[in-house]
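Number of protein chains: 2
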Amino acid sequence: MSECDVKFEPDNVHVQIPKGTTLLDAAKAGAVSLLAPCGGQGICGRCRCQIIEGETGRTEVQREKLSDEDLAKGWRLGCIATVESDLVVHLPADVRGTVAAILEDSSLDDIELGPGAEIRKHYLELAEPSLEDQRDDLSRVLDALAAEDVQLDTVDFPAVLPGLSEALRADEFRVTAVHREGVLMGVEPGNTVNECYGVAVDLGTTTVVAYLAHLPTSTQLAVTSEVNPQVAYGDDVVSRITHINESGRGVRTLSEAARECVRELVARLAKMAGIDPRHVYGVRLVGNSTMSHIFVGADPRNIPQAPYIPGVHRSVIAPARELGMSDVARGARFCTLPNIAGWVGSDTVGVILSTGMHRLEGARVAIDIGTNGEIVVGDENRLVACSTAAGPAFEGAQIKHGMRGASGAIDHVFLENDDLRITTIGDQASRGICGTGLIDAVACLLDAGLILETGRMLPEAEAGHLPDALQARIVTLDDAPAAILATAEESALDGPVVLTQRDVRQLQLAKGAIATGVRIAMNECGVEVADVQEILLAGAFGSYVNPGRAADIGLFPRELVDRARAVGNAAGAGAYLALVSADHGAQASLIGDRAEYLELAGRLDFDMVFADEMLFPGSE
Amino acid sequence: MSECDVKFEPDNVHVQIPKGTTLLDAAKAGAVSLLAPCGGQGICGRCRCQIIEGETGRTEVQREKLSDEDLAKGWRLGCIATVESDLVVHLPADVRGTVAAILEDSSLDDIELGPGAEIRKHYLELAEPSLEDQRDDLSRVLDALAAEDVQLDTVDFPAVLPGLSEALRADEFRVTAVHREGVLMGVEPGNTVNECYGVAVDLGTTTVVAYLAHLPTSTQLAVTSEVNPQVAYGDDVVSRITHINESGRGVRTLSEAARECVRELVARLAKMAGIDPRHVYGVRLVGNSTMSHIFVGADPRNIPQAPYIPGVHRSVIAPARELGMSDVARGARFCTLPNIAGWVGSDTVGVILSTGMHRLEGARVAIDIGTNGEIVVGDENRLVACSTAAGPAFEGAQIKHGMRGASGAIDHVFLENDDLRITTIGDQASRGICGTGLIDAVACLLDAGLILETGRMLPEAEAGHLPDALQARIVTLDDAPAAILATAEESALDGPVVLTQRDVRQLQLAKGAIATGVRIAMNECGVEVADVQEILLAGAFGSYVNPGRAADIGLFPRELVDRARAVGNAAGAGAYLALVSADHGAQASLIGDRAEYLELAGRLDFDMVFADEMLFPGSE
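Keeping their order, the protein sequence lines are chains A and Y.
Mapping to this note's numbering: the first sequence position 466 is 1107, numbers consecutive.
Mapping to this note's numbering: the second sequence position 393 is 1034, numbers consecutive.
Please keep in mind that the hints were generated in silico from the structure rather than gathered at the bench.
Ideal Cβ positions, reconstructed from N, Cα and C, are used throughout, including at glycine.
Incorrect hints may have been included.
Unchecked claim - Simulated coverage check for chain A against chain Y, where a stretch passes if three residues somewhere in it have a Cβ under 8 Å from a Cβ of chain Y:
| no. | region |
| --- | --- |
| 1 | 775–781 |
| 2 | 805–815 |
| 3 | 944–958 |
| 4 | 1239–1246 |
Unchecked claim - Pairwise CB distance ranges (calculated):
| no. | chain 1 | residue 1 | chain 2 | residue 2 | range |
| --- | --- | --- | --- | --- | --- |
| 5 | A | VAL834 | Y | GLU1237 | 30 to 38 Å |
| 6 | A | ALA1227 | Y | THR858 | 37 to 45 Å |
| 7 | A | ASP794 | Y | GLU769 | 33 to 41 Å |
| 8 | A | ASP794 | Y | ASP1068 | 55 to 63 Å |
| 9 | A | ARG893 | Y | ASP917 | 18 to 26 Å |
| 10 | Y | GLU1237 | A | ALA768 | 18 to 26 Å |
To be verified - If you only want the chain Y side, here are some residues facing chain A, beta carbon under 10 Å, derived:
| no. | residue |
| --- | --- |
| 11 | LEU772 |
| 12 | LEU779 |
| 13 | ARG781 |
| 14 | LEU783 |
| 15 | THR795 |
| 16 | SER806 |
| 17 | ASP940 |
| 18 | PRO941 |
| 19 | ALA947 |
| 20 | ALA959 |
| 21 | ARG962 |
| 22 | ALA982 |
| 23 | GLY1243 |
Isolated chain A (complex conformation):
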């Protein structure tokens, strides 16, 4: 039997496997996480993978779960589809089960969820009314709850009243009441205690991830993600704010786009898990300050300009129905985690919450790198957060041949046999270089001596002492040296893929900004390198970057390499925790109050530290 090469993205894992194997078994063989909740029986339809390249089999039997459109886009069920050629398979966040992985991997193993979610249900058997007991329907419910020691002070009348009287009479005055924190949110006919769900949302600038939780058991039922439709109005926070300024509609266009996206994700999660979305009672959201401002309808326009003032810092609580979530329970509550400052949002609070660094002994450093790098240093006593404008270099932008981590991107670079060896995503002809590839390339060239500690690349004339193969890679572009990473033959571009002197400077600026933030925050906190228990690398970049290479370019001190740990989507995990655990929800509020924001723009020492951190580490 012939073997095929199956590559799983975005983890970039290759597996050699006999033709005819299912994708699920291929993933298992490669130790790639591919969730198949029904155990691979083809029932739940949730192990959806996207075939980027190659042929799979048994497509006909998947038609029940997949639409023609899905099939045309390459979606297949991992437990049914078989490997019929070499494949490149993309596993979306849902099937990789990001949060579950985080909760399993991290110190949150022994997480105490306390008494559970703040949203609760109570089944009640009410006394039937009579001329001797003419209590109104609502009092009948509240009295019965009080008899079970649930004292509710407030009623969400627009949610509760419309169906109340029918609910009582639909099943002979047996009802289930939904409540939270002293508020009655709904009354349903019969016993629906077990049908109680919530959704956690990580509203990223680029990607929106949503997690469905069964609240009584804190069980994660489904995960799904979508590109933030706001990308149509600009790739980054600043260009979206420009759109807000220029559109004449304020934040409305962007709010509506994000709300519609979340509404769709919630509907999809419900479908994936086979639940009624009207049993979703809570939505917890994290995002950077601008994203969460736009979502709740607050004005983010003062965030990007000094003195960087957000409209709202604390948790925003509102009826989900007022934020476009029309499919969920009418009484469902929407709640953000608090922001820390204009440039340190609730996503960072989520990172702190899910890593537990706010209640652990010993200092930890958390780094979440996107266009901005958010940094938190702290322990059970103190939390200092700051943000540095890293620029988009780590995302491949403003780099001559930079690109996102898509098919054909150089994702790894090795120094082997006195020359560079590259790998690309999907093993395609090279189309450019993504963030991890950029770091690898610079780290290798630093190691080889082609790039100096100052970031200067050696021109051909000064590189005579380097191995021939490396010398051959040096070219001159715009009067400055550049290094060929992929030759014209290896490249899908018109010419070679190169790393320019200017690219190196961009990376220096980016890594310098992060490293400066880390150092100043550590100083502010009185934390020495030796004190640091862990470096927690959050987000997609944190998951893909090789910590050794990150230390090679000086993103953080080399001594900490062994203490570095990828924590995945820690922001989303924080939203999830706050959703399923009232105790964690309360902790999130405390973090919002406790975390000190360190404004780097106001510091006299910034430039000095930055000048220092711009340098690459010297070879010891």
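Based on the hints, put chain Y in the right spot on chain A.
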């Protein structure tokens, strides 16, 4: 100069006045209340009267304030329009200033409004943000309020956030915060402390009356009214509930009709007073239980059938924006007064509140007669409320020639010179008989001996001892006697207007039901006739009925005639008080909790008392 006869409805006041006099002066001559807030200068446009019959002058100069449509419907400005012929003029509730009259007339003269409305405004001069003070906009406002000892725990985020950041920056960080009971409702640029309004609504089955109040001074600025558009779905509560049952849309059609009506009334009030409706922050509503259920979207369908269970008894509080009030402040709060039971609604709580009977020494009896008669007996210690199905006789329905109190209705009947003399509304040829005319007619015929204590009308054969003129009025209809009130010549109908034996029975049932309720409630309360300080007659019927005649037919004991007092729209006055006075709002909630509902349907003594009260009082 020729004189014209001007008749003002609904007070039925005639004035003889020279041609060319303004309507305002004609009203003054007749001591008819016609509010002209600008002093009759033609500026405010609020003294709108409707010409039912006849010609007025100076129409052209009114075009600035009245639309073509208004003019076509007969609307004129009282201070400009001149009398050019005999006129019938209808004065809507707004220009009669009903609430003001109540507050002036009643024991509420010395009303203590306590510390004012629960809705408050605070002007704040905020510190401008800087790199040293990066507090978010919301915290900046809440901190400044806290510094003035206003501690707010909660924020209506969907109301506050959208305009917050712009509000702070529109007038150099000078803002006005609106709040109530620990909730921040809004933040506005500049100092708007004085622009703070609320609306009280009396949602009647037939008529909706709305009052605009300036909250800082508790001043009433405008009143207006409208026919409840739900009349398109039935004249009374029961036929509307039938519509709900049959429409397939539940309460939605009726909810939307009532909400749209209130929205329009609020907009009209704002226009009348020249204020911005976005400065209306509170709406207080009273109505019978069915009306208020429908308005808030609760199900009233169990109210009309035993055991008469309402969906909700307590005050319903909701954002006004969720009840179709799109013109008011985004944070405006809607709140009903509590209901007492399915058949004793928040309108009755309003009557209790505005008459003050719940905190006065000595027993009072309040009677509010519509299709149902709601009765309250009580004092500072106890309140007992009940409802009796009076039937619509007092409104002229189910009476052979019954009609509402409109033009041509017999409204008064006198016994003069051994014969009957009638007056009609608008001095028109008689078209029928309204509630007050019905009571008058029966009282006169009782007095004359043509109707006996049992309600039996004498047939011609037994009436030989009566004066000839009265004898001549007796006819036989459907084998039973009837009395001619208006002859065929005096009538606009095909034949005479008559009072039939069956009509007398209907009135007996109606007055018997009310009197039974009064007696059982008094018994329940241990109140003797001698103990009763006042009989308070609420609503339109209470305002128009002659207390002496009401006692003549036995609606209440004759001894109490001198203690009877019309209290006008006491229900609406109650809503107004709860709006402008937090103390009264709290009292309303206490009344809702305190008032005992007396279910007459469950009482063994009902039939016996009713059989007794069905009789008319004997002549002493």
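Hints, verified against the model:
With a threshold of 8 Å between beta carbons, the proposed coverage of the region 775–781 of chain A by chain Y holds, since 6 of its residues qualify and at least three are required. Residues of the region 805–815 of chain A with a Cβ under 8 Å from some Cβ of chain Y number 4, which satisfies the need for three, so the listed coverage holds. Proximity of the region 944–958 of chain A to chain Y, defined as three or more residues with a beta carbon under 8 Å from a beta carbon of that chain, is established by the 11 residues found. Given as covered by chain Y, the region 1239–1246 of chain A passes the check, having 3 residues with a CB less than 8 Å from a CB of that chain where 3 are the minimum.
The hinted window of 30 to 38 Å between VAL834(A) and GLU1237(Y) holds, with their beta carbons roughly 36 Å apart. Checked against the given bound of 37 to 45 Å, the beta carbons of ALA1227(A) and THR858(Y), roughly 43 Å apart, stay inside it. Taken as a hint, the range 33 to 41 Å holds for the pair ASP794(A) and GLU769(Y), whose Cβ atoms sit roughly 38 Å apart. For ASP794(A) and ASP1068(Y), the hinted distance range of 55 to 63 Å is satisfied, since their beta carbons lie about 59 Å from each other.
For ARG893(A) paired with ASP917(Y), a C-beta distance near 22 Å keeps the hint of 18 to 26 Å intact. For the pair GLU1237(Y) and ALA768(A), the beta carbons lie near 20 Å from each other, so the given range of 18 to 26 Å is met. Because the closest C-beta pair between LEU772(Y) and chain A is about 4 Å apart, less than 10 Å, the hint holds. Annotation: LEU779(Y) was flagged as interfacial toward chain A, and the flag holds, the nearest CB pair being 5 Å apart, inside 10 Å.
Because the closest C-beta pair between ARG781(Y) and chain A is about 8 Å apart, less than 10 Å, the hint holds. Taking 10 Å as the C-beta cut-off, the interface hint given for LEU783(Y) holds, the closest approach to chain A being about 9 Å. With a least beta-carbon distance of about 8 Å to chain A, the hint placing THR795(Y) at the interface is held under the 10 Å criterion. Among the interface hints, the one on SER806(Y) holds; its C-beta lies about 4 Å from the nearest C-beta in chain A, closer than the 10 Å criterion.
The closest approach between the C-beta of ASP940(Y) and any C-beta of chain A is roughly 4 Å, which is under the 10 Å cut-off, so the hint is satisfied. For PRO941(Y), the interface hint holds, the least distance from its beta-carbon to any beta-carbon of chain A being 8 Å, beneath 10 Å. Given hint, ALA947(Y) at the interface with chain A, holds; its Cβ is 7 Å from that chain's nearest Cβ, closer than 10 Å. A least Cβ separation of about 5 Å between ALA959(Y) and chain A falls short of the 10 Å threshold, and the interface hint therefore holds.
The beta carbon of ARG962(Y) comes within 9 Å of a beta carbon in chain A, closer than 10 Å, and the hint placing it at the interface holds. The restraint placing ALA982(Y) at the interface with chain A holds, with a minimum CB-CB distance near 6 Å, inside the 10 Å limit. Satisfaction of the interface hint for GLY1243(Y) is found here, the shortest Cβ-Cβ separation to chain A being roughly 4 Å, below the 10 Å cut-off.
Checked against the numbered hints given earlier, the structure satisfies every one of them.
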